[in-house]
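There are 2 protein chains.
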Amino acid sequence: MTYCIAVSVNDGLVLTSDSRTNAGIDNVSVHCKMHMLPTIDDRKIILLSAGNLATTQAVLDQLRRDIKDNSETNLNNVKYLSEAAEYLGHVSVAKQHRHASTGQNSFYPSATFLLAGQIENEPHGIYLVYPEGNYITSSKQTPYLQIGENKYGKPVLDRFLKIDTSLDEVARCCLISMDSTMRSNAGVGPPVDLLEYRKDSFVLNEYYRFEEDDQYLIQMRRIWQEKLSEGFAAMPQLNSCDAQPFPSPYQ
Amino acid sequence: MTYCIAVSVNDGLVLTSDSRTNAGIDNVSVHCKMHMLPTIDDRKIILLSAGNLATTQAVLDQLRRDIKDNSETNLNNVKYLSEAAEYLGHVSVAKQHRHASTGQNSFYPSATFLLAGQIENEPHGIYLVYPEGNYITSSKQTPYLQIGENKYGKPVLDRFLKIDTSLDEVARCCLISMDSTMRSNAGVGPPVDLLEYRKDSFVLNEYYRFEEDDQYLIQMRRIWQEKLSEGFAAMPQLNSCDAQPFPSPYQ
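Line by line, the protein sequences give chains A and B.
FYI, my numbering numbers position 98 of the first sequence as 98, with every residue one higher than the one before it.
FYI, my numbering numbers position 17 of the second sequence as 17, with every residue one higher than the one before it.
Among the hints, a few may not be true.
Intra- or inter-copy, both count: the list cannot distinguish identical chains.
[Unchecked claim] Here are the simulated EDC-like pairs of lysine to aspartate or glutamate, each with C-alpha atoms no more than 20 Å apart in a straight line:
id: 1; residue 1: K199; residue 2: D69
id: 2; residue 1: K162; residue 2: E86
id: 3; residue 1: K68; residue 2: D41
id: 4; residue 1: K162; residue 2: E230
id: 5; residue 1: K140; residue 2: D41
id: 6; residue 1: K162; residue 2: E226
I should point out that these hints are in silico values taken from the structure, not numbers from a laboratory.
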């Protein structure tokens, strides 16, 4: 399994991904799921990937070859991020379809992507590209997208992320969301990659990689645990409400 | 959908359930999922239910009829909670099977239960009864069981619940877990039922029902939100770690 988050707020982008891949429970390995594409200087495009590893690698290779070969459509000549998402969807569907088999032991090597970045004077943004090739973007009300094991880490994002949250706060929120998911699901694991991109900067110089025993993560977990405990302690006692009779067994 | 939690700690039991049921997204109604069985005074047995509503009602009716008819096996004559779980599994499989259909439009009205309580001098406990009729119980390391939409609310349980957590703290933790799930999944909704059972008491006088606009829940959410914000603010700045160069596009 996988867990990746992309957040687009007023100040820019925050991307977070785990690194655990598995083919069955007994074949677990480490693969970075955050990929920068080698584009020209007027743009930055980063992909996060979930799903079949062969498909994601085939897609990345194709995108890079298309750039090198200056193909009719490639990430260097698209003018909009939505165009990049559409092109990514097209490549992804082709690669999945190529290795699909039908019949009794049918197999479909599906993959899902988050595409994030900024092109020239266009606004920064994030796109979720489905295995079917179509895509969605985020909104002011829901400034994030997730792929992979998204449920465990969703509540903390829902409670905290707003369109005007600062990039550093978004980053800490994403690390908590990732840490919650790693605790509750063995299919998601370190190292954790984190990238903050300040809008209009066109540089990727705030990239962090956290190993399992990273001191920052350990400190973060300790502080979080303390604040949870304080939160429970600060809540009013339940007996301050009135207990009610238990509903009759025949209701 | 549904979300129910049963926790068994040293001091006793805490049970929590939502009340939203739906047959399709356009047929949503309110049904309490916490059921006391009308047993004799030497025992208390409570069920939480998830899944097909017709099956859960058929199972509850059968359990009540078996008690009234003093059947060979019923909840008044089982000596152990595990025996009650086995009997519940047996009844559940029979009710599901009766209304199942096979073929092209196959239908299986499956249901999952949490059984909790205490019988005479036996220890208190909780059991999760699968649709297949088999069951598991909790452990000292993982003192809780969940049914329904379990992922959203799992991290806060994993972070906080220990075998020696007090009943009141467990209750607050379960309410946060439930609140997180209701925020992130529209299939889970109020009213929320909460029951605390102190071991060896054989009384159910700490039962609470929280409507959507309950003042306690509103206060709880506000305090939780404040503590989350404090937690993020208390975490060290990310630039206290060293940012790294972004991995080369060809890695």
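Structure-based check of each hint:
Proximity of K199 and D69 under a CA criterion of 20 Å is satisfied in neither setting, with 29 Å inside one chain copy and 72 Å between copies. Neither within a single protomer nor between protomers do K162 and E86 lie at most 20 Å apart by alpha-carbon distance, with minima of 27 Å and 48 Å respectively. Taking the closest pair of Cα atoms, K68 and D41 come within 20 Å of each other only inside a single copy of the chain (15 Å); across copies the shortest separation is 79 Å, beyond that limit. Taking the shortest alpha-carbon separations for K162 and E230, only the inter-copy value of 16 Å comes in at or below 20 Å, while the best intra-copy value is 24 Å.
For a Cα distance limit of 20 Å, the shortest separation of K140 from D41 qualifies neither inside one copy, at 28 Å, nor across copies, at 56 Å. Taking CA atoms no more than 20 Å apart as the test, K162 paired with E226 passes between copies only; the shortest distance there is 15 Å, against 24 Å inside one copy.
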